[in-house]
Amino acid sequence: MNALTFDAGFAPSRIRLVDIRHRQLLVAQLRMLLLGGGFALVAFAAILRIAWLGVVQPAPTEHSMAQALLPTRGEITDRNGVPLARAFPAYALWYNPQALGDGGPPLVKPAAEVAARLKEIFPDLDLAETTRLLAAGKPGYLRRRVLPEEVNRVNALGELALETPHETDRHYPQGKLGAHVLGYVAADGHGRVGMEAYLDQRLLDPAERGRPAMLSVDLRVQGALEDELASEMRAVNAVGAAGIVLDVDTGEVLALASLPAFDPNKIDAEGQKNMFNRVTNQVYELGSTFKPLTVAAAIDAGTVTDLSRRYPATPFPIGGFTISDLHSLGSTLNVPETLIHSSNVVTAHIVDELGAARLKRTMADLGLNERPYIELPARGFPIWASGDWPRLRAMTVGYGHGIAVTPLHLASAYAAMVNGGTWRPATLLKVQPGHEARGRRVFKSSTSARMNQLLRMIALYGTGRNANAPGFRVGGKTGSAEKPGAGGYRKSSLVSTFAAAFPMDRPRYVVIAMLDEPQGTIASSFQRTAAWNAAPLVGRLVPRIGPMLGVMPDDTRDIDLTDLRPLVGDKEGSE
Amino acid sequence: MTQHSRLRRMGWFAALALCTLCYVALHIKVHAVQSEVVRVERRIVQLEDEKLLLETEFETRASQEQLASWNRVEFGYAAPGAGQFVENERQLARFGAPRAPGAPAPIRVASLAGGEEAPPFPKFVSPLTGKPVDERLIDGDGGREELAAREAGGTMRIPLAAAVGTLGE
Chain A
1 MNALTFDAGF APSRIRLVDI RHRQLLVAQL RMLLLGGGFA LVAFAAILRI AWLGVVQPAP
61 TEHSMAQALL PTRGEITDRN GVPLARAFPA YALWYNPQAL GDGGPPLVKP AAEVAARLKE
121 IFPDLDLAET TRLLAAGKPG YLRRRVLPEE VNRVNALGEL ALETPHETDR HYPQGKLGAH
181 VLGYVAADGH GRVGMEAYLD QRLLDPAERG RPAMLSVDLR VQGALEDELA SEMRAVNAVG
241 AAGIVLDVDT GEVLALASLP AFDPNKIDAE GQKNMFNRVT NQVYELGSTF KPLTVAAAID
301 AGTVTDLSRR YPATPFPIGG FTISDLHSLG STLNVPETLI HSSNVVTAHI VDELGAARLK
361 RTMADLGLNE RPYIELPARG FPIWASGDWP RLRAMTVGYG HGIAVTPLHL ASAYAAMVNG
421 GTWRPATLLK VQPGHEARGR RVFKSSTSAR MNQLLRMIAL YGTGRNANAP GFRVGGKTGS
481 AEKPGAGGYR KSSLVSTFAA AFPMDRPRYV VIAMLDEPQG TIASSFQRTA AWNAAPLVGR
541 LVPRIGPMLG VMPDDTRDID LTDLRPLVGD KEGSE
Chain B
1 MTQHSRLRRM GWFAALALCT LCYVALHIKV HAVQSEVVRV ERRIVQLEDE KLLLETEFET
61 RASQEQLASW NRVEFGYAAP GAGQFVENER QLARFGAPRA PGAPAPIRVA SLAGGEEAPP
121 FPKFVSPLTG KPVDERLIDG DGGREELAAR EAGGTMRIPL AAAVGTLGE
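Line by line, the protein sequences give chains A and B.
The first sequence begins at 1 in our numbering and counts up by one.
The second sequence begins at 1 in our numbering and counts up by one.
Source of the hints: derived by calculation from the structure; they are not laboratory data.
Incorrect hints may have been included.
Claimed, not checked - For each label pair, taking beta carbons as the anchor points, the in silico distance ranges come out as: (1) Val37/B with Arg144/A: 33 to 41 Å; (2) Arg506/A with Phe124/B: 40 to 48 Å; (3) Asn71/B with Thr168/A: 40 to 48 Å; (4) Gln84/B with Glu129/A: 50 to 58 Å; (5) Cys19/B with Val18/A: 35 to 43 Å; (6) Thr562/A with Gln84/B: 25 to 33 Å; (7) Thr562/A with Ala105/B: 44 to 52 Å; (8) Lys266/A with Val38/B: 52 to 60 Å.
Here a beta-carbon is modelled for each residue, glycine too, at the ideal position from N, C-alpha and C.
Next comes chain A alone, as it looks inside the complex (with noise of 0.2 Å):
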């Protein structure tokens, strides 16, 4: 009551003055207040930015060139990283008669002498058919691929209807090489028939695709094998053949060929026919290549333990069915005399010993019964005799005739049989040291280490002496198997094997060469038989990859065969 007593005392100026002052307080404070609240708004506005920035917004377009370096479609690799397929950046010819966008006709010049033009640039084009198609005045592709300096030319011609599109080619430098191991790619953008197909999927993952895909085969090897395979089918008249080089230790393929091949390139309709795989797909009887196999059942079931040990040879009837051999070998055979000379007469009295349950289960274990073991999509099923064998059907078995698989099988029970007992899987990816499958034991050791001992005989005194190759330790057995045909074995068609592995002192490579149907001509002294064509091969091919494997030619080193050699005497063999 006081003050407002007191204030009603003092002058209404003074009063105003008090007046003005507060309101410039509020007008500062308010002022104050927009300040504050502008700045509030900005800070929200710089943080909500942030976060959009942080969540919403894409990544930055700074990874521009990581994208348009990533391939479309990775590259495959061989084992050194050369490339066997890559995806590059190429152009296309395509037609559109609607680039002018007139209604008038689609090109400045005539159709016929655009094509003419056309010619000029790629002198393999067909000038009629192309005046044609231009004339038709309907979208499509002239031409699929296209060098880019080609490019420049065609748009240097100056017809907007004649456009140069990106696209990706899928190409194959090495061109028919190992076309069977790769495959190709489709035009809907998927692998077929090889690798393409199983790594399809990594292939064409972003993630993956930056980094290629490295195959365990070596492409000095395959070009190796593909050529000598190739010369050996043109100079016997063969209609196919089949190679394939297997790291004993790993399983890993280094070279594999089915004869004749096809251009992933591209594809045709012969190229089509020519897709099968005979080493993965076709099954077939390998013949005496088997007989090895058999005897080093025996060794390791104990029913045989004297090599020295004498078998009757002559003519063997069983069941209204004669087992014989193709000449007469005399009166018996030892053990390394068998595979020397390659008798079926005695392999079957060994079989006869061992039974058929045993063999039955030692080829089971060596992986005869079921699909190869390999990531190609195209693996072909033995014919495999299911249930219990009759003695007939393991003696014929014994010598590789009644029992019908791929020659990747016969490798990889080569591979088991040579390499101290133990089959392993075959793969075509490359293997990190340390890193091959476990596999599971079929021989002891003490059975391979025998198994190497006669191997190498047969090379060096029997049917394989001409796979000999001088300083390579080769050993190995060759078989020649009739064809079945209409109405039993057909006597004019073989397949002519020749089974491998080197250097036999510390074996690291099997090597299987087969031809399909192979004639007597002048290269091979007028035989058919493996000992002249397919065993022949295996000599010049071992020379020429050994160095690239690491296996050098060495006279001053060979397997022991001391103990063996006074058992086959001095007779030349013969198949």
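Following the hints, position chain B against chain A.
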């Protein structure tokens, strides 16, 4: 409003204008550099594509099949035989011949057999300072490792694609 405060206000405006100007200049510069980077990147991509194309063309022209046919027709190289390899010292010594009578005496070179009393191997001395050089500098482990890695990699086009590939998506 006093003279002083007006001056101050103009000063503020001038400072603001200067800052804005600086900002705009910087902004333009950043954009210029960025577009330069983009252009360089495009050029790199273009060159990489060209390299890929040339490399593939080289691989195609030098394919195994082609090399084999050239070898058959032109060169005739054959696989090396056992006689072309020397396995051990014993084989190497076989190439030596005993000294013929009357041949000049072989030239003798001073040498020191390593033993207890042999002095330590002299250290590498820098020609500039005259002091022994740090061992690590001589070894140059880093460089050697990098070189080894490049050799071991084996791929012919590591550099850019591989470096960029690790950046991720």
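Hints, verified against the model:
Taking the beta carbon of each, Val37/B and Arg144/A are about 35 Å apart, inside 33 to 41 Å as hinted. In this structure, Arg506/A and Phe124/B meet the distance hint of 40 to 48 Å, their C-beta atoms being roughly 43 Å apart. A hinted range of 40 to 48 Å is violated for the C-beta pair Asn71/B and Thr168/A, which are about 34 Å apart. Look at Gln84/B against Glu129/A: about 56 Å separates their beta carbons, and that is inside 50 to 58 Å.
For the pair Cys19/B and Val18/A, the beta carbons lie near 41 Å from each other, so the given range of 35 to 43 Å is met. For Thr562/A and Gln84/B, the hinted distance range of 25 to 33 Å is satisfied, since their beta carbons lie about 28 Å from each other. Checked against the given bound of 44 to 52 Å, the beta carbons of Thr562/A and Ala105/B, roughly 46 Å apart, stay inside it. Between Lys266/A and Val38/B the beta carbon distance is about 38 Å. The supplied range of 52 to 60 Å is therefore violated.
When the structure is compared with the earlier hints, violations turn up for hints 3, 8 and for no others.
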